[in-house]
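A.B. asks: Protein chains in written order, with this note's numbering: chain A, 1 to 319; chain B, 1001 to 1166.
For the record, the hints were derived by calculation from the structure and aren't laboratory data. What you are looking at is a predicted structure, and each value in this text was computed from that prediction instead of being measured. Hints are supplied without guarantee of correctness; some may be wrong.
To be verified - Every beta carbon over 12 Å from chain A, so not counted as near; a handful from chain B, in silico:
1. 1023
2. 1077
3. 1114
4. 1125
Claimed, not checked - Calculated cross-link-like contacts (lysine-lysine; reagent style BS3-like; alpha-carbon spacing at most 30 Å):
5. 205(A) <-> 264(A)
6. 269(A) <-> 164(A)
7. 1066(B) <-> 269(A)
8. 269(A) <-> 205(A)
9. 46(A) <-> 75(A)
10. 256(A) <-> 205(A)
11. 264(A) <-> 164(A)
12. 53(A) <-> 75(A)
13. 256(A) <-> 269(A)
14. 1066(B) <-> 75(A)
15. 205(A) <-> 1066(B)
16. 53(A) <-> 1066(B)
C-beta: ideal position from N, C-alpha, C; glycine also.
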Amino acid sequence: MRNPQLNRHGELQHLLTLDGLPREVIISILDHAAPFTEVTEREVKKLPLLRGKSIFNLFFENSTRTRTTFEIAAKRLTADVVNLNVSTSSASKGESLLDTIDNLCAMHADMFVVRHAASGAPVLIAQHLQATGRDHIHVVNAGDGRHAHPTQGLLDMYTIRHYKHDFSQLSIAIVGDVLHSRVARSQIAALTTLGVPDLRVIAPKTLLPSSIESMGVRTFNDMREGLRGVDVIMMLRLQNERMAGALLPSPQEYYKMWGLTAEKLALAKPDAIVMHPGPMNRGVEIDSAVADGSQAVLLPQVTFGIAVRMAVMCMLAGQ
Amino acid sequence: MQLPDAETLCRQLAEQIRPHLQPNTVLIGIRTGGEWLAQRLHALLELNQPPGAIDISFYRDDFGSKGLHSRPQRTHIPFSIEGAPVILVDDVLYTGRTTRAALNEIFDFGRPANVELAVLVDRGGRELPIAARYCAHILPEPLPSSQNLQLEQTENGNLILRLIHA
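The following block holds chain A by itself, in its conformation from the complex:
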């Protein structure tokens, strides 16, 4: 069976996950994103590429940054953007996911950007569109449950390439709540595909999925040991809202063991960069002085995220 994200010419049809996405496609997205970063410095921050296209932002789960950056990306490409906060609309009246999609297709949607608490919801939508012969409509996964957050993973790759240039020489540590993190899954998939030789995951045992080592990473429970000599530190957010039961003692104790402080950061390479997908919990997974420090690249990540999302939308709509 062919990769459901690619059409029969091997071009991107939907962006659902970075798992199994060919290296050339990932590199091509990063290459296409680069010239979009320049557009924001212009008098008129707009390109006519998606003029006349309708993009529906379907957010079944709250998100401010991701929804806003998708919206800005689409608007900079001159698309018409409709934001649906579905958690407060038809879904709460009992309409099924695919009925919502069919109704929006009847409004001549060209692309859906989907955020859903259930893993697999964007895949289901893509399969539904394919099964009903609507291949001209594209789906972008903006984060589904614990499964994937591919545009976040891609903007992280863009950020790493921007600062470190070559993936083949890097030591990278992903730190925090890997168990609940779709961001971590997307990061690991992309970093593995791009050939990072030393990929580490640092987390308390209770927040590590049991199968994690089969993904080609080394695991550490001791943060000091795991951070030694790394080039890139990718922090994750402690996901209180997804935490059922007592997986952790307390935020204070978590901070003491796995929070990134200046003292722990000093164990990494002197030019190491610190990343975080946001929103961050200051004083829980990251110390304020580190988050605002010279090695942190959190805000460039947000800016690059717009360019990467512009590239993804153009590559989908231009097929």
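With chain A held as given, fit chain B onto it using these hints.
C.D. replies: Same frame as chain A, now just chain B:
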């Protein structure tokens, strides 16, 4: 068909432009051939302001049917074009669609005083009402669409014209 020497054409084009230069004239080359040509003209005309370079990929009128296939490069305009006399530089003038795209892109950077078009070769086959003010060579017969005329840069930096049969 005997193609003219591109380096000779560059010098002829510069001499056509020279009497019309204003103190604040700026050059903008369309990537890739027009960018090389703009650099050459910049040196020949001894202009102070380095030329800008634009990649018109994001303004093409065939994006809907062809998509973004080639790898786009950055547009780089290192000066304000607000109120400036602009000379848009391209290697070969053909349908005029590239020029149309470049004009749209330029106006997203501001409002120039005026825009003139300078090209090395006019190969005929226009599909839009566009003409070059400065043109070093006009082909006696329009080229068939199966042929592609383009400017290339050799290893030692010389510019040459090449005809490619598709």
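A.B. asks: Which numbered hints are broken by the structure, listed smallest first?
C.D. replies: 2, 7 and 15
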